[in-house]
Amino acid sequence: MGLSTSERKQRIRRRIRKVSTGTAERPRLSVFRSNKEIYAQVIDDRQGVTLAFVSSRDKDLAKEKGTKIEIANLVGKSIAAKCKEAGIEKVAFDRGGNLYHGRVKSLAEGAREAGLNF
1 MGLSTSERKQ RIRRRIRKVS TGTAERPRLS VFRSNKEIYA QVIDDRQGVT LAFVSSRDKD
61 LAKEKGTKIE IANLVGKSIA AKCKEAGIEK VAFDRGGNLY HGRVKSLAEG AREAGLNF
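Numbering (the UniProt record's numbering) for the sequence shown: 1 to 118.
In case anyone wonders, no lab produced these hints; they're calculated from the structure.
Just so you know, even glycine gets a beta-carbon here, dropped at the ideal spot from N, CA and C.
Check before you lean on any hint, since a few could be wrong.
Label pairs and their in silico Cβ distance ranges [said to hold, decoys possible]:
hint, residue 1, residue 2, range
1, Arg112, Phe32, 18 to 24 angstroms
2, Gln10, Lys84, 31 to 37 angstroms
3, Ile12, Asn35, 16 to 22 angstroms
4, Glu25, Ile69, 29 to 35 angstroms
5, Asp58, Lys90, 19 to 25 angstroms
6, Arg46, Thr5, 29 to 35 angstroms
7, His101, Gly48, 27 to 33 angstroms
8, Ser4, Asn117, 21 to 27 angstroms
9, Ala86, Ser4, 25 to 31 angstroms
10, Thr5, Ala81, 32 to 38 angstroms
11, Gln47, Glu109, 16 to 22 angstroms
12, Gly115, Ser6, 31 to 37 angstroms
13, Thr21, Tyr100, 16 to 22 angstroms
14, Arg13, Arg46, 16 to 22 angstroms
Whole structure, please, built from the sequences with the hints as guidance.
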């Protein structure tokens, strides 16, 4: 019998994490997408520390109106702004087992527009 959706996503997530680890010079931009919200965090895996975190539930973004894709783009821009403040310019993108499509793609494009390199 085939894999369930969650098992398949976990396999993909593990495969991505084999190649994508965050360092101090190039931390990992991890994306988590739930049905309603989207979260992004920048992680230094060697230290085990989250350097920046943004979600669509943050006060300034929660009052924004628009589609989930538009809000994901704003989350991408916001995480890029926080990275700039912390002196981070390059990151490794971790789509978290999701397809690079829709909200995940919109977040990535928003981060790139705001000056984050990956």
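Verification of the supplied hints:
1. Range check, Arg112 to Phe32: about 19 angstroms between beta-carbon atoms, so the 18 to 24 angstroms window is met.
2. Hint check: Gln10 to Lys84, Cβ distance near 33 angstroms, so the stated range 31 to 37 angstroms holds.
3. For Ile12 paired with Asn35, a C-beta distance near 18 angstroms keeps the hint of 16 to 22 angstroms intact.
4. Take Glu25 and Ile69: their Cβ atoms lie about 31 angstroms apart, and the range 29 to 35 angstroms holds.
5. Checked against the hint of 19 to 25 angstroms, the C-beta distance between Asp58 and Lys90 comes to roughly 24 angstroms, which is consistent with it.
6. Here the CB-CB span from Arg46 to Thr5 is close to 32 angstroms, well matched to the stated 29 to 35 angstroms.
7. Between His101 and Gly48, the C-beta spacing of about 30 angstroms keeps the proposed range 27 to 33 angstroms intact.
8. Checked against the given bound of 21 to 27 angstroms, the beta carbons of Ser4 and Asn117, roughly 36 angstroms apart, lie outside it.
9. In this structure the hint that Ala86 and Ser4 lie 25 to 31 angstroms apart at CB is violated, the actual value being about 38 angstroms.
10. The given range of 32 to 38 angstroms is respected by Thr5 and Ala81, whose C-beta atoms sit roughly 34 angstroms from each other.
11. Remark: the range hint 16 to 22 angstroms for Gln47 to Glu109 is contradicted by a beta-carbon distance near 28 angstroms.
12. A C-beta distance of roughly 35 angstroms is found between Gly115 and Ser6, which places it inside the suggested range of 31 to 37 angstroms.
13. Distance hint for Thr21 and Tyr100: a CB-CB separation of about 19 angstroms, consistent with the stated range 16 to 22 angstroms.
14. Here the CB-CB span from Arg13 to Arg46 is close to 19 angstroms, well matched to the stated 16 to 22 angstroms.
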